[in-house]
Every structure is written in structure tokens, then in C-alpha cells.
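The chain contents come next:
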Amino acid sequence: MGIDLFTLTAQVINLIILLFLLRKFLYVPVLKAVEARQKLIADELISAEQARASAQKEEAKCVAKLREIETQKQAVLDKVQKEAQQLAVKLSEEAQVQYKQSQQKLNEKLKAEHRNFDVSVQSLVVKYFEQFADSALKQIADADLNVLAVHRFMQKLTTLPENEKKSFAATYRANNIIIIKSAKVLPDEMKENLENVLKQELKLKNSTIFEYKISEELICGLSVAAGEQMISWNLQSYLKEFRNNLNNEVVKILNRG
Amino acid sequence: MDAYAIIGAASVIGACLCMGIGSIGSSLGEGQAAASALQAMAQQPDEASRIRSTMFVSLAMIETTALYSLLIAFLILYANPFWNYAVNQ
Amino acid sequence: MPQFNFANWLDLPYVEKNIGLESYDAIKLISFDGWAVNVTIFNSWIVMAIIVFVSWLATRHLSYGKQVSKLQTALEALVLWLQNEANETSGSRNNQYLGMALGLFSFILVANLLTFIPWFKPPTASLSTTMALALVVFLAIPYFSIQNAGVKGYLRKFVEPIPLMLPMNVFSECFSIFAMGLRLFGNMLSGVMFGAILSAFIPFVAPLTMQTLGLLTGTIQAYIFALLAVVYTSAVKEEIKPEI
Chain C
325 MGIDLFTLTA QVINLIILLF LLRKFLYVPV LKAVEARQKL IADELISAEQ
375 ARASAQKEEA KCVAKLREIE TQKQAVLDKV QKEAQQLAVK LSEEAQVQYK
425 QSQQKLNEKL KAEHRNFDVS VQSLVVKYFE QFADSALKQI ADADLNVLAV
475 HRFMQKLTTL PENEKKSFAA TYRANNIIII KSAKVLPDEM KENLENVLKQ
525 ELKLKNSTIF EYKISEELIC GLSVAAGEQM ISWNLQSYLK EFRNNLNNEV
575 VKILNRG
Chain H
11 MDAYAIIGAA SVIGACLCMG IGSIGSSLGE GQAAASALQA MAQQPDEASR
61 IRSTMFVSLA MIETTALYSL LIAFLILYAN PFWNYAVNQ
Chain A
10 MPQFNFANWL DLPYVEKNIG LESYDAIKLI SFDGWAVNVT IFNSWIVMAI
60 IVFVSWLATR HLSYGKQVSK LQTALEALVL WLQNEANETS GSRNNQYLGM
110 ALGLFSFILV ANLLTFIPWF KPPTASLSTT MALALVVFLA IPYFSIQNAG
160 VKGYLRKFVE PIPLMLPMNV FSECFSIFAM GLRLFGNMLS GVMFGAILSA
210 FIPFVAPLTM QTLGLLTGTI QAYIFALLAV VYTSAVKEEI KPEI
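Residue numbers (this note's numbering), protein chains in the order written: chain C, 325 to 581; chain H, 11 to 99; chain A, 10 to 253.
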């Protein structure tokens with residue numbers, strides 16, 4: 325045991341050499357490598373962080389886009405729904421209108437048919453009454469009744485108002501002819517009697533020509549015409565009046581119903 | 011008794027005493043350190059590895075005192091200067 | 010002419026020739042005109058060669074990327090661990106003490122671990138080597154102290170807290186370094202001696218246990234030596250005056 329100075333010195337030198345060699349070979353390059361790797365890792369971390377940030381940004385963008393699309397979709401849906409509702413309302417309105425129109429048309433048609441029916445009923449009623457009256461009167465009317473009718477005519481002529489007489493006289497003067505229509509052939513004395521009464525009442529000239537005509541339509545009685553003007557007492561006119569009144573009454577009843 | 015016998019006997023007895031007495035303190039200290047370290051490890055299992063390495067280092071440091079006495083014992087037994095002096099006389 | 014005597018390298022320590030404690034320095038391998046390369050120096054060279062070779066192997070194709078060889082990873086772990094330890098212990102940030110700590114640690118570690126080879130006489134089991142290591146630390150103290158605090162700061166340490174303590178401080182410094190060398194020597198010597206004595210009694214298996222324990226002790230000693238070196242060399246720092 326003891327310290328060998330030569331060995332001591334040699335070992336000190338050895339150790340110092342070792343320190344230099346280690347500096348050259350071990351820790352300086354190793355530390356450099358470690359530092360480089362740490363820097364690399366830090367850079368990668370930063371780039372990864374950036375990538376993540378950009379990815380997040382992208383994701384946010386995507387989400388925003390998605391939301392926008394969603395809102396657009398919603399808007400389109402709303403619009404379509406509204407349009408559909410409007411269309412439905414419009415269609416129902418149109419349908420209602422059409423329905424009303426068709427109903428109205430139907431009503432009108434029904435009314436028209438009703439009216440036609442009324443009219444036909446009325447005309448039939450009137451026609452049958454007329455026929456009945458006509459045929460009844462024709463059977464009743466005979467010579468005696470005819471004479472009676474002439475007498476009635478003459479009575480009427482005498483009670484005729486003055487202004488009618490005057491207008492009749494005026495039309496007579498223009499034509500100078502009087503047409504006497506009768507249902508049956510009048511006897512000669514009746515004719516003469518009638519002529520006299522006419523001349524007297526209407527202040528006719530003696531040269532007046534009396535023309536006699538037979539008209540079955542009159543049924544009974546007679547009519548005296550000068551041009552357009554006409555004085556008459558016959559069943560036909562009564563019948564006409566009756567028919568008109570009947571017609572009016574039937575129409576009134578039908579309308580009421 | 012000649013000088014060799016006295017020096018030899020004294021060397022052996024001295025070496026034994028040196029080793030025996032010298033190791034008492036360090037062994038007690040090492041035991042204390044190990045006990046404290048174990049307690050610390052039990053209380054803080056998370057820090058166990060750090061405590062263990064520190065414990066080894068301190069054990070080695072404490073052991074140094076025993077090693078000094080060991081060195082002295084070696085010195086007395088194998089490189090006793092008095093022995094060499096007696097031989098050279 | 011140099012005389013080669015390498016057969017001595019193969020002597021088993023302390024067993025066959027039963028020589029004294031200072032034997033390692035006395036076993037001469039190459040004799041040259043009164044100078045001799047003894048087994049301590051030669052084995053130191055082997056240790057250094059191994060360290061440098063491994064370092065060179067690892068840093069030959071240094072990888073700066075992510076694909077790292079296993080050896081480089083191991084050495085990186087070692088360097089980073091020591092860097093962390095040294096920086097934490099010294100409180101410095103610039104890897105000032107890393108080189109010294111790494112050199113001492115690797116040298117002592119490899120030398121101690123090679124005791125597992127039966128014929129290898131570890132250079133750290135020689136007082137000359139351990140004292141040489143301590144001397145390097147002793148020289149490193151003023152180097153780092155002056156670098157950190159200047160000559161004045163370094164010298165002020167010896168007269169603190171009072172100038173009367175000057176001899177005590179000097180003695181304490183010298184002895185702490187001396188104790189450091191002695192501790193390493195004692196550990197290694199005891200390990201080798203125990204191994205030798207045990208193998209003299211029971212040649213097989215039994216020495217293995219002590220040698221295995223010796224590996225642990227050797228590793229711890231290497232760590233302690235490097236750590237204490239950092240502690241002693243970083244004791245003097247630039248004084249940070251408190252701001253009032």
C-alpha cells in the first residue's frame with residue numbers, strides 16, 4: 325500500500341486524456357444529437373399543433389357550411405310547404421267555386437226545367453180551357469143567340485163614347501168601306517137594322533158600302549171594322565180576355581208555388 | 011517475547027478491535043438510514059425510486075467510515091510499517 | 010530495450026503470489042530503462058480504450074433523426090441522466106461539470122465492472138489511481154471556482170466565516186478530497202480482497218456472490234465519486250447579492 329508517484333502522474337495524464345477524448349467522442353456529439361432531435365420533435369409538435377388548428381378551422385368551416393345548408397333546406401322546405409298550402413287553398417277555393425258554379429248551373433237548369441214545366445202546364449191548362457170554352461160556346465151559339473148578340477152590339481154602339489165614335493168615323497172616311505164580320509149569316513132584316521143603326525150612330529153617308537163576311541172564329545156576335553179601327557161585340561174577344569186572365573192567374577199560382 | 015511476537019500480536023488485536031469498534035457506528039447509522047428510507051417509501055410510494063437511489067448513496071457514504079477502519083486494519087495486517095521497521099533492524 | 014512481461018497480467022489477484030497490498034503498482038508489464046508500465050496503468054488504458062471505442066462506435070454514425078441505434082440510445086440516456094444530475098447538484102445550467110462528471114463516472118464504472126473478469130485487476134483498486142482521480146478533482150476545484158467567481162471569490166472561501174479558520178478550511182478541503190480517493194480505494198480493495206480470500210477458501214460459486222455485490226458497490230461508488238466531485242467543484246459560486 326502506498327502511492328507510486330509515477331503511476332499517480334500517469335493516471336492523472338490518462339484521466340485528462342480520457343476527458344478530452346470523451347469530450348470529442350461522447351457528450352458533445354450526443355448532446356448535439358439530442359438537441360437536434362428535441363428541436364425536431366418540438367417542430368413536429370408545432371406543426372402538428374398547426375395541423376390540428378387548421379383541421380379544427382376546417383371542421384368549424386364544415387360545420388358552418390352544414391348549418392347553412394340546413395337552414396337553406398329548412399327555408400326551402402318552409403317555402404315548399406307554404407306553396408303547397410297556398411296551392412291547396414287555391415285548389416279548394418277553385419273546387420268550391422266550380423262546385424258552386426255547377427250547383428248554380430244545376431239550379432238554373434232545374435229552375436229552367438221548372439219554368440218550362442210551368443209554361444207547358446200553363447199553356448196546356450189554358451189550351452184545354454180555351455178548347456173547352458170554345459167548343460162549349462160553339463155548341464151554345466145558334467141563330468137566336470146570334471140575334472141576341474146583334475142586339476147587344478147595337479146597344480153597345482149606342483153607349484159608345486164620343487171620342488171612339490169620332491176616331492172610327494175618321495178611319496171610315498179614309499176607306500169609305502165597312503167590313504162586318506159575323507159568326508153566322510145574318511138575316512136581311514137584321515142587316516138592314518144594323519146598317520141603319522150604324523148610319524145613325526156613326527153619322528155615316530148613305531153611300532156607304534157594307535161588306536159582310538162570315539168568320540167562324542168569332543163564335544157568336546160580330547165585329548165592324550173600318551181599316552184598322554174596329555168595334556166589336558163577340559165571344560171571341562171575351563174568350564181572348566178570359567184566356568189572358570186565366571193565363572195570368574195560372575202564372576201567379578205557379579210562381580207562388 | 012521478542013519484538014516480532016509483540017508487534018504481530020498487537021497488530022492482529024489492533025486490526026480486530028479497529029474493525030469491530032469501527033463498524034458499530036456505521037452499521038447503526040446505516041440501519042437508521044435504511045429504516046428512515048423505508049418509512050419514507052411507505053409513506054410516499056410514488057417517490058420510492060428517488061428515495062431508494064438517495065438511500066443507496068447515503069448508505070455508501072455512511073459505509074465510508076467502516077471502510078476507513080477496514081483500510082486501517084488492512085494496513086496493520088499487510089503493510090505494517092512497524093513490522094517492516096523491525097525486520098529492517 | 011523494453012522487456013515485455015505480459016504473463017503477469019494473467020496472475021489472479023492476491024491469490025497465487027500472495028503479495029502485499031501495493032502489488033498492482035508493482036506488477037510490471039513493460040520495463041524500459043528503469044521506467045515501467047505497471048498493470049494499473051495498462052488496465053487503465055484498457056478501460057479508456059473500451060470507453061473511447063464504445064463512444065466512437067455510438068457516435069460514428071450519429072443519428073439526428075428519430076431512428077436511433079440501441080447503443081446511441083443507451084449512451085444518450087447515460088449522458089442525459091448525468092447532465093441532469095450534475096446540473097441539479099451544481100445549480101448550473103450550461104453543462105459546465107458534465108465533462109468531468111462523465112469522465113470520472115465512466116472510468117470508475119467500467120473499471121469497477123470489469124472486476125467480473127477474474128484476471129482483471131481493476132485500476133481503481135490501486136491507491137495511486139484513486140488518488141490521481143482525487144487529484145484531478147482537487148485541481149478542478151480552483152479551475153471551476155475561478156471560472157465562476159473569480160480569484161477573489163475563490164480565495165474568500167478560505168477565510169470564511171472568519172480568517173482564523175484559514176488552516177481549518179485548507180485542511181478540510183484537502184482531507185475531503187483525500188477521503189474521496191480513499192473511499193473509492195477502500196471499496197474496491199475490500200471487494201477484490203474479499204473475492205480473493207473467499208476464492209482461496211471456496212474456489213467455486215461462493216466468490217460469485219461477493220463479486221455480484223461488488224458490481225452494485227462499484228456502480229454506486231462511481232456515481233458517488235462523480236457526484237461528490239461535482240459537489241466539491243461547485244461549492245464556490247458567484248455570490249448573488251440580495252437586492253435591498
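Read the hints as simulated data drawn from the structure, not as lab findings. Computed from a predicted structure; not experimentally measured. Beta carbons: idealized from backbone N, C-alpha and C, even for Gly. Treat the hints with caution; some may be incorrect.
[Unchecked claim] Rough simulated footprint, nothing fancy, chain C against chain A, three-plus residues with beta-carbon under 8 angstroms:
no., segment
1, 94-108
2, 120-131
3, 142-153
4, 178-184
5, 226-232
[Stated by the list, open to error] Quick list of simulated restraints, FRET-style, between CB atoms:
no., chain 1, residue 1, chain 2, residue 2, range
6, A, 75, C, 373, 16 to 24 angstroms
7, A, 175, H, 58, 41 to 49 angstroms
8, A, 152, H, 96, 43 to 51 angstroms
9, A, 175, H, 64, 44 to 52 angstroms
[Claimed, not checked] Listed next, the in silico SDA-like pairs over lysine to any residue satisfying Cα-Cα at most 20 angstroms (straight line):
no., chain 1, residue 1, chain 2, residue 2
10, C, 348, A, 108
11, C, 515, C, 501
12, C, 529, A, 171
13, C, 348, A, 86
14, C, 356, A, 37
15, C, 564, C, 491
16, A, 37, C, 449
17, C, 515, C, 478
18, C, 403, A, 75
19, C, 348, A, 89
20, C, 363, A, 37
21, C, 385, C, 401
> CA of residue 348 of chain C to CA of residue 89 of chain A, is that 20 angstroms or under?
Replying inline: It holds: about 17 angstroms lies between the C-alpha atoms, which stays within 20 angstroms.
> Between residue 515 of chain C and residue 501 of chain C, is the straight-line Cα distance small enough, at 20 angstroms or below?
Replying inline: Cα-Cα ~16 angstroms, so holds.
> Is residue 529 of chain C within 20 angstroms of residue 171 of chain A, Cα to Cα?
Replying inline: 193 angstroms, violated
> Is the hinted pair residue 564 of chain C and residue 491 of chain C satisfied, with a Cα-Cα distance of at most 20 angstroms?
Replying inline: 24 angstroms, violated
> Are the Cα positions of residue 356 of chain C and residue 37 of chain A separated by 20 angstroms at most?
Replying inline: Violated - the C-alpha atoms of residue 37 of chain A and residue 356 of chain C are around 42 angstroms apart, more than 20 angstroms.
>> For residue 348 of chain C and residue 86 of chain A, compute the direct alpha-carbon distance and say whether it is at most 20 angstroms.
In response: 18 angstroms, holds
>> Using a Cβ cutoff of 8 angstroms, are there at least 3 residues of the segment 94-108 of chain A near chain C, or does the coverage claim fail?
In response: Since 3 is at least three, the answer is holds.
>> Please verify the coverage claim for the segment 226-232 of chain A: does it have three or more residues whose C-beta sits within 8 angstroms of some C-beta in chain C?
In response: violated (count 0)
>> Given the hinted pair residue 37 of chain A and residue 449 of chain C, is their Cα-Cα distance within 20 angstroms?
In response: Violated, at about 171 angstroms.
> Cβ-Cβ distance between residue 152 of chain A and residue 96 of chain H: within 43 to 51 angstroms?
Replying inline: Cβ of residue 152 of chain A to Cβ of residue 96 of chain H: about 45 angstroms, so the range 43 to 51 angstroms holds.
>> Verify the CB-CB distance for residue 175 of chain A and residue 64 of chain H against the hinted window 44 to 52 angstroms.
In response: This hint is violated: roughly 34 angstroms between Cβ atoms.
> Is it true that the CA of residue 515 of chain C sits at most 20 angstroms from the CA of residue 478 of chain C?
Replying inline: 12 angstroms, holds
The structure is inconsistent with the numbered hints 2, 4, 5, 9, 12, 14, 15, 16, 18, 20, 21, although it conforms to all the rest.
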